[in-house]
Amino acid sequence: MTLTVDVRHKLGSFALDAAFTSESGVTALFGRSGSGKTSMIRIIAGLARPDKGLVTLNGATLVDTDKGIFVPRHRRRFGCVFQEARLFPHLSVRQNLQYGAWFAPKAESPESLERIVGMLGIGALLDRKPGKLSGGEKSRVAIGRALLSRPHLLLMDEPLSALDDARKAEILPYLERLRDETKIPIVYVSHSLAEVARLANRVVVLRDGHVEAVGPVVDVLSRPALAEAPDRREAGALIEGRVESSTPAHGLTVVALKSVRLYLPGKSLRPGSPVRVHIPARDVMLATVKPEGLSALNILEGVIAEIGDLEEGMVEVRVDCGGDPVLSRITQLSRERLALAVGKPVYAVIKTVALET
Amino acid sequence: MNALGLSSDEWTAILLSLRVSTVAMLASLPLGILAALLLARGRFPGKSLLNGVIHLPLILPPVVTGFVLLILFGRKGPIGAFLDQHFGIVFSFRWTGAALACAVMGFPLMVRSIRLSIEAIDKRLEEAAGTLGAGPLFVFLTVTLPLALPGIIAGMILSFAKAMGEFGATITFVSNIPGETQTLSSAIYTFTQIPGGDAGALRLTMVSVVISMAALLASEALARLVGRRVEFE
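Residue numbers (this note's numbering), protein chains in the order written: chain A, 52 to 408; chain B, 2 to 234.
So that you can see chain B by itself, here it is in the shape it has in the complex:
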């Protein structure tokens, strides 16, 4: 581990960041697909309101989003208290809280990307599947979802990337506790706040660049793979 000149605390922050981002991405995916489907296809009152709420974290200062999460999901917050009492799920000052903050921040990016790809699907293909005997659920699983796959993958990558870089909402909601909520970004911030921390900040910055590049390359490769599978008529 020390081959890269990283201390165990630094490794902890890196691994925590990866875990938080992965969980944030995967946990928000089903909801993201549902929200994208509602926005792309649904016709219901309050649709633009839903759209606005989903996009809010994109526009609000991250500190505000973090503070709202603190109010709602904190131990004494209405949702936080309910989850704690009934399911034993605690967000405040835990890594799960960091994942929640990252998921919320990345959600508009994910929904946007999936929504666009669903809107681009030729509905006539879904009609054709229906006339071949496929019920609405099967049409969704065998036609809509596979055709939206490029957008879904792009949305997942965007969400992951946003989570890796997320700082403001996370530190506001769950603070900066080494080993629990101190992500890569928070660790870099901590290094910059102490005298002589520049070297450490630089090391973690390099790691951050490497992870971001890897994620980007992986998404390109995946997109090419899927693109080859989904060739439109």
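This is chain A alone, in the form it adopts within the complex:
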């Protein structure tokens, strides 16, 4: 599966001029609000017509303004999950789910209602009306509805942003199952680093209508002085590891990184499965001597690789912990007091609690 997008589009004073290619798996469109993510997804879905540009999927042209080609939205078969669930209020949940199946070709291998309903855990809701569902339930039904239209591509426009943290935590596992159990490629729009870190394989960073970075999620999101982070409070390092063991008694999971171990909260992960851990820079403390008598479980030994200046008397320090980069945001004052410099050995201290997702 290859989706190619190269478009120019003007909306008032905002200009979108961006191009990217996405392979199978989950591609995240990432950026702060107003960066053009939603315009981009509307163009891909066929809800907006770009002023100029090209959109192709697996070689089939969907939009080519030079040749005057524009495939209307209902012939693209791109399932969409919107920020608001957009369920049809006059239809039951079951009818909402089956809506797309009327139009999907019957010959293709049927994505059965039972399987999707089971995967999303919405069996008990089938005969209810959307108006009576909670936010999280609506989101799941919307995802199911898009899947049952047997889309060639799934477009998700911040499907979690209207939900509170508890609801997000409820939906995220379903999205992970979706990614792992179906072969449908997904374009996932988000301004949340945590979501992108958890779900995406590739990431396209948008900024003011332009593509700022493209690449595998670990490469792009763990760059030092992460200017891309829409919310600086969220900036941090993204590390890949493998679940080593879990200690159910303490409700903890031990993750092996390249050469160090990390304690994570939660015990739902199976040993041996790969995980991505996002460590927010503001939750990482630095010490020049190994701290003792401290409650933090994660004390990683490393060497300062880079120090970058941030505004307002802050610096961002990248510590190389045995091959894995950890970012720490500290004050200029702390840096001077500890005389931190590139090459100096330090200990990065991370509270396990800070790694909750």
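By construction, these hints were calculated from the structure, which means they are not laboratory data.
Errors might be hidden in some of the hints.
Ranges of calculated distance between the beta carbons of each label pair, as one might list FRET restraints [as the list claims (entries may be wrong)]:
1. Asp259/A / Glu120/B: 30 to 36 Å
2. Asp123/B / Val326/A: 35 to 41 Å
3. Met214/B / Lys61/A: 54 to 60 Å
Quick partial rundown of chain B residues pointing at chain A, CB under 8 Å, derived from the structure [claimed, not checked]:
4. Glu128
5. Ala135
6. Leu148
Glycine included, C-beta positions come from ideal geometry on N, C-alpha and C.
Starting from the known structure of chain A, fit chain B onto it as the hints suggest.
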């Protein structure tokens, strides 16, 4: 029939009124939905002109509307003559003419009500239906129309009620012929014009009140039924 103390002529007028109103309502419904859709969603030159023309019967004296209908749809009128020659449809001095007059008078009320309900529909739902594979016609039939249903029902009731009460345009266009164009309102008017007709006028007035109340209650019940079906998020 005589149990209610109504003469057969009076019954004829009542049944004719019901028939005229029902036909006027049903015949103008498709056009009403189309006009409402054009006004709510369309973007074309002359839109405000169309809006004005549709609303004209609401503002003009009914006699004027009736007279214009007479000029246009009369046997010798440009549209009337054409329909007579090619389709054998005659309006002048027939009950069909009464239905036409009632439909024209009720049309602005119907269009207004449907238009408002179409404008209130969240277009994002139609977008969602499109991305699920529904073409524009299916989106209209499965999303737009069902969601506009409360407004459509209200528009139908308004049109029916207007037709039951319509007098001026009807009597101007198709006169007051017992058994052909004499509706309930015309019959009451006739009674008031003859000496000793008060009793008859009163009887028909009671009937008129009963029909109006029934229509109103029916519309309330329907609106509740639909309202329960269409619960917005």
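message: Hint by hint, where does the structure go against what was stated? Just the numbers, ascending.
response: The structure breaks none of the hints.
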